[in-house]
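Peer 1: Residues 1 to 728 in UniProt numbering are what the sequence shown lists, from first letter to last.
Be careful, since some hints might not be right.
[To be verified] Label-pair distances were calculated between CB atoms; the ranges are:
#1 Tyr-365 / Arg-227: 28 to 36 Å
#2 Glu-451 / Thr-362: 19 to 27 Å
#3 Ala-183 / Asn-219: 22 to 30 Å
#4 Gly-581 / Glu-30: 40 to 48 Å
#5 Gly-416 / Arg-227: 51 to 59 Å
#6 Gln-701 / Glu-80: 45 to 53 Å
#7 Ala-189 / Lys-722: 54 to 62 Å
#8 Thr-362 / Pro-341: 35 to 43 Å
#9 Glu-153 / Gln-618: 31 to 39 Å
#10 His-345 / Gly-92: 56 to 64 Å
[Stated by the list, open to error] Calculated pairs, DSS-like style, for lysine-lysine (alpha carbon to alpha carbon, straight line, at most 25 Å):
#11 Lys-48 / Lys-322
#12 Lys-337 / Lys-306
#13 Lys-216 / Lys-237
#14 Lys-112 / Lys-87
#15 Lys-54 / Lys-235
#16 Lys-629 / Lys-595
#17 Lys-306 / Lys-327
#18 Lys-48 / Lys-235
#19 Lys-239 / Lys-306
#20 Lys-363 / Lys-324
#21 Lys-418 / Lys-450
By construction, these hints were calculated from the structure, which means they are not laboratory data.
These numbers were taken from a predicted model, which means no experiment stands behind them.
Glycine included, each C-beta is placed from N, C-alpha and C at the ideal position.
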Amino acid sequence: MKKRWIYGITIFLCLTSIGLAIDWWTALPEGEQATYVGRQTCFECHQKQAEEWKSSDHDLAMNPATPEFVLGDFDNTELEHFGITSKMSHEGDKYYVTTQGPDGKLARFEVKYVIGVHPLQQYLAELDRGKVQVLPVTWDTEMKRWYYASPDEPFGPEDPLHWTGSAQNWNHMCAECHTTNWAKNYDIATDTHHYSFSEMRVSCEACHGPGSIHVKLANSHSIFWDRRYGYGLAKLKGKDATAQLESCAPCHSHRRHVSPGHTPLDRFHDHYALSLLEDHLYHPDGQIDEEVYVFGSFTQSKMYRKGVRCTDCHNPHSLRLKFKGNKLCTQCHLEAKYDVPGHHHHKVGSKGAACVECHMPTKTYMGVDPRRDHSLRIPRPDLTVKLGTPNACNQCHTKPDETPEWAAKKVDEWYGPKRRDDPHYGEILAAGQAGNPDAERALIKLTREKEVGPIVRATAVSLLASRYDTPESRKVVERGLKSKEELVRMAALRGFEGWNPRTEAEASRVGKLLAEGLTDDSRGVRTEVARILSALPIMPDTASNRQALDRALKEYRKNLLTDGDQSGSHMSLGILYANEGDLKKAEEEFQRAIKLAPAVAGARSNLAQLLEQQGRTQEAQELRSEEVKLLARDARLLPENALLQYRLGLLYYLLGREDEAAGALEKACELEPQSADFRLMLTLLYEKQQKWEQALDSVKQLIQLQPQNPTFRQIQMNLQQKANPQGK
1 MKKRWIYGIT
11 IFLCLTSIGL
21 AIDWWTALPE
31 GEQATYVGRQ
41 TCFECHQKQA
51 EEWKSSDHDL
61 AMNPATPEFV
71 LGDFDNTELE
81 HFGITSKMSH
91 EGDKYYVTTQ
101 GPDGKLARFE
111 VKYVIGVHPL
121 QQYLAELDRG
131 KVQVLPVTWD
141 TEMKRWYYAS
151 PDEPFGPEDP
161 LHWTGSAQNW
171 NHMCAECHTT
181 NWAKNYDIAT
191 DTHHYSFSEM
201 RVSCEACHGP
211 GSIHVKLANS
221 HSIFWDRRYG
231 YGLAKLKGKD
241 ATAQLESCAP
251 CHSHRRHVSP
261 GHTPLDRFHD
271 HYALSLLEDH
281 LYHPDGQIDE
291 EVYVFGSFTQ
301 SKMYRKGVRC
311 TDCHNPHSLR
321 LKFKGNKLCT
331 QCHLEAKYDV
341 PGHHHHKVGS
351 KGAACVECHM
361 PTKTYMGVDP
371 RRDHSLRIPR
381 PDLTVKLGTP
391 NACNQCHTKP
401 DETPEWAAKK
411 VDEWYGPKRR
421 DDPHYGEILA
431 AGQAGNPDAE
441 RALIKLTREK
451 EVGPIVRATA
461 VSLLASRYDT
471 PESRKVVERG
481 LKSKEELVRM
491 AALRGFEGWN
501 PRTEAEASRV
511 GKLLAEGLTD
521 DSRGVRTEVA
531 RILSALPIMP
541 DTASNRQALD
551 RALKEYRKNL
561 LTDGDQSGSH
571 MSLGILYANE
581 GDLKKAEEEF
591 QRAIKLAPAV
601 AGARSNLAQL
611 LEQQGRTQEA
621 QELRSEEVKL
631 LARDARLLPE
641 NALLQYRLGL
651 LYYLLGREDE
661 AAGALEKACE
671 LEPQSADFRL
681 MLTLLYEKQQ
691 KWEQALDSVK
701 QLIQLQPQNP
711 TFRQIQMNLQ
721 QKANPQGK
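With the sequences and hints as input, model every part of the structure.
Peer 2: The structure is reproduced here in structure tokens:
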């Protein structure tokens, strides 16, 4: 009897094991495509998360303009701004703004959608052909007032910065991060947007990915999730923080598009290229300056390097902080060591005793929106003294005698003069941005520094690639092409933009390196390599290389066409076709770029160069005459931008306006004295004008920039001979 019982148990366990094995092995077919099911489907099982999400900033990211969501005062209110009076009104449940339209005349526009809720709300109007624009008036939800988010004098309707222009276009600038399952669906032939989204708002599937597979698995009779697809959503809770960070990063970063269609199931760098610590976005030490939306800042932090993720501090559904006050930080950092006067040297409970005030200072954007710097840095008023960067201390201490020098002295008194991160990478990057020759060695060392974030290393590589044309820097740049970090590989590619190899051996070596990049596992890297190789024919000519190049260029074109409403996309397509020798298509793309953004500089210069190559000189000069007005306008608006001055100088030169060209090029060299390209062009212009004294002085500075460059030495010899032909 006992044996029969044992046999029965054994058979039962065997059958159960077989059944479980079959259950586990049975899986959805490979290639199953997830689709969007909508938040109501998610709410059926995840009611707690649904309640937390409701009324969050994600829930209220975008909504229809109905009385339920419109917060602004539309009771015939007015706002005057530099002579333009906008009037806000409503008729029943419809809301209107009367303001300057695309033709420069006052017109009434119906508000179709609202964006945001705290601390401001913006309003959207749909113009012709599906183009949705952000209206110029903004509602301050704290002070209950209308205001202009940009306090400056508005540009005219022909300018891209006007509310009807490309910079305020919702379809391209806003929609992707204020809706779920966004598709632009722009038709180039008719210049029409057929946009779509599955939901307004940042809903469940915007962060977790399309949910159809998850729902199918949850409703199945299996006791396992799928061996191929897991639970059918993005794995945001795994040991590695990367998946969660890259789920948030697309909407919380300053980046450019690489490829459309990103979902949280995808890798960030397959769809976006993160902006580096460039001087028009960040302060030299990496603190936020322009709107960079958190992720780039966070990647500088020690927290990022230690695997901290967004949900360690933020509830992912309500978006509220998980704890109030310093408890948010002391969940990881020892309270007895850090939340005491011996550390912060301020009165307990005061603003100065709050961790975030010192380590996450704010900057206000859009007039009323203070945002915290997520690089989580140690306050460094000494860098303010050295570099002019902001510091947390002087945000509060603003009395006349509370200078940055005073704050730096206090920090020295409290913590001593030594800093564990000296020299701070900000000092190195600032010197590199200025092109200081002495910074090269420090930049090279910084590219190997593990105690900084990958964005810092990538920025150092980028500076070496673009400003230091020496054998030592070239080695580092070439090594960067093989880096394990996508950001560094992308940065290294900047060294081959317009690059000319000095020898056949160098061309062969670099050609092989770049060809390897055509099969990089990052779409961003391989499409950028393909773009560069289209203008740099040094790739080994093999069947496999040609096929890889064709595939990568196909990906590159696809992305550009997806953003076909952007003038820049057609500029890039035009350059690509010109590189490939298809001059007809190149001309069509440049013309389309001009048509889409007639007030934007750039496309006319490219088209003029193309036409001149075909002998169409008169047309080229007419285009340049139009272009120079736009560039001169931009140079007036951004007088400290060296590249604009350089481009303006080149254009003046091509138009035969040599004195104006010299003035612009001199300004470019003054703004960026370490640029060999700027100095070379000015030297050659002086030579053409036979201004021998200025030319000789300029070439001397050129040689100081690159002492080993034989071309510059030859230019000097030629100038000396021309300036003194009799050898006197």
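Peer 1: Please go over all the hints and tell whether each is borne out by the structure.
Peer 2: Checked hints:
1. The beta-carbon spacing between Tyr-365 and Arg-227, approximately 46 Å, falls outside the hinted interval of 28 to 36 Å.
2. Hint check: Glu-451 to Thr-362, Cβ distance near 26 Å, so the stated range 19 to 27 Å holds.
3. In this structure, Ala-183 and Asn-219 meet the distance hint of 22 to 30 Å, their C-beta atoms being roughly 27 Å apart.
4. For Gly-581 and Glu-30, the Cβ-Cβ distance of about 41 Å falls inside the hinted range of 40 to 48 Å, so the restraint holds.
5. Between Gly-416 and Arg-227 the beta carbon distance is about 57 Å. The supplied range of 51 to 59 Å therefore holds.
6. Distance hint check for Gln-701 and Glu-80: the Cβ-Cβ separation is about 51 Å, which falls inside the suggested range of 45 to 53 Å.
7. Distance hint check: the CB atoms of Ala-189 and Lys-722 are about 55 Å apart, consistent with the given range 54 to 62 Å.
8. Restraint check, Thr-362 to Pro-341: a C-beta distance of roughly 23 Å breaks the suggested window 35 to 43 Å.
9. Distance hint check for Glu-153 and Gln-618: the Cβ-Cβ separation is about 37 Å, which falls inside the suggested range of 31 to 39 Å.
10. Between His-345 and Gly-92 the CB atoms are about 59 Å apart, so this pair conforms to the stated range of 56 to 64 Å.
11. Proposed proximity of Lys-48 and Lys-322 is supported: the alpha carbons are some 16 Å apart, at most 25 Å.
12. The hinted pair formed by Lys-337 and Lys-306 meets the criterion: a straight-line CA distance of about 20 Å does not exceed 25 Å.
13. Simply put, Lys-216 and Lys-237 have alpha-carbon atoms about 21 Å apart, close enough for the 25 Å limit, and the pair holds.
14. Of the pairs offered as hints, the one joining Lys-112 and Lys-87 holds, with about 16 Å between alpha carbons and a cut-off of 25 Å not exceeded.
15. Annotation: proposed proximity of Lys-54 to Lys-235 holds, straight-line Cα distance about 23 Å (limit 25 Å).
16. Proposed proximity of Lys-629 and Lys-595 is supported: the alpha carbons are some 17 Å apart, at most 25 Å.
17. Only pairs whose Cα atoms come within 25 Å are accepted, and Lys-306 paired with Lys-327 is accepted, the gap being roughly 19 Å.
18. Restraint check for Lys-48 and Lys-235: satisfied, since their Cα atoms lie roughly 20 Å apart, inside the 25 Å limit.
19. Only pairs whose Cα atoms come within 25 Å are accepted, and Lys-239 paired with Lys-306 is accepted, the gap being roughly 12 Å.
20. A C-alpha spacing of about 21 Å is found between Lys-363 and Lys-324, which places the hinted pair at or below 25 Å, so the restraint holds.
21. Taking the CA atoms of Lys-418 and Lys-450, the gap is near 20 Å; set against the 25 Å cutoff, the hint holds.
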